[in-house]
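Q: These are the residues of each chain, in order.
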Amino acid sequence: SQQGEEDPQALSIQEGENATMNCSYKTSINNLQWYRQNSGRGLVHLILIRSNEREKHSGRLRVTLDTSKKSSSLLITASRAADTASYFCATAPSFSGGYNKLIFGAGTRLAVHP
Amino acid sequence: GAVVSQHPSWVICKSGTSVKIECRSLDFQATTMFWYRQFPKQSLMLMATSNEGSKATYEQGVEKDKFLINHASLTLSTLTVTSAHPEDSSFYICSVSTGGWTSNQPQHFGDGTRLSIL
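Each protein sequence line maps, in turn, to chains G and Y.
So in this note's numbering, spot 23 of the first sequence is number 26, and the numbers just go up one at a time.
So in this note's numbering, spot 18 of the second sequence is number 149, and the numbers just go up one at a time.
Since the hints were made in silico from the structure, they are not lab data.
Do not rely on the hints blindly, as some may be mistaken.
[To be verified] Derived lysine-lysine pairs resembling BS3-like cross-links, with alpha carbons at most 30 Å apart:
1) G/Lys-59 / Y/Lys-172
2) G/Lys-73 / Y/Lys-151
3) G/Lys-29 / Y/Lys-151
4) G/Lys-29 / Y/Lys-145
[Claimed, not checked] Some, not all, of what chain Y presents toward chain G, calculated at C-beta under 7 Å:
5) Pro-171
6) Ser-174
7) Leu-175
8) Leu-199
9) Ala-203
10) Ser-228
11) Asn-235
12) Phe-240
13) Gly-241
14) Asp-242
Computed from a predicted model, the values in this text were never measured in an experiment.
Glycine included, each C-beta is placed from N, C-alpha and C at the ideal position.
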């Protein structure tokens, strides 16, 4: 079953603009991860933030985590046309029994126009 | 990380046939792999956790006899869709967990298999 919601479901912006995607989840977690999926392809891991971390950066990506609100955001700065893809958050629930099981959000489809 | 190869990338077959999808971990000995299903423009739904040398753990609502999983080696897990019907048409994706019992590691995904049942 899906862990939670992502918003917006779709986002259309111009190159150079920033893109912000939000993710909410329902249960306690060990970590939250963001993945990218190009159309018809597998997923590529972007960033992992642990439950005791509040913010993490990787290149043009910035992820925040608020465990009190059970929410996270992914910010892509200075977007490029090549950033066009679907972005998914995924949580590793605390109760998963150690199998590193992930539960995915609904995803945000990002379109960056030249 | 781990490099994951999934084969075939696309398969079309007639209703009633069985289809086998392979997921290989090329550079990591994977005791745990995962199988997901994805409908168009939707999220990934975890189907089962594949454990090397033991039975797979299926998620609620997933038919064990319909989706047979075999993880006979540390580098290969297979998903067989038995007696496939049009409603089984979907995008199937596997992933490798490099974290073992520690969960603070990302999963590494194959490129997926698009299954179309006529």
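Q: The structure should be examined with respect to each hint, and the outcome stated for every one.
A: Results for each hint:
no. : hint                 : result
1   : G/Lys-59 / Y/Lys-172 : holds, 28 Å
2   : G/Lys-73 / Y/Lys-151 : violated, 39 Å
3   : G/Lys-29 / Y/Lys-151 : violated, 35 Å
4   : G/Lys-29 / Y/Lys-145 : violated, 40 Å
5   : Pro-171              : violated, 10 Å
6   : Ser-174              : holds, 5 Å
7   : Leu-175              : holds, 5 Å
8   : Leu-199              : violated, 20 Å
9   : Ala-203              : violated, 19 Å
10  : Ser-228              : holds, 4 Å
11  : Asn-235              : holds, 5 Å
12  : Phe-240              : holds, 4 Å
13  : Gly-241              : holds, 5 Å
14  : Asp-242              : holds, 4 Å
Of the hints listed earlier, those the structure fails to meet are numbers 2, 3, 4, 5, 8 and 9, in rising order.
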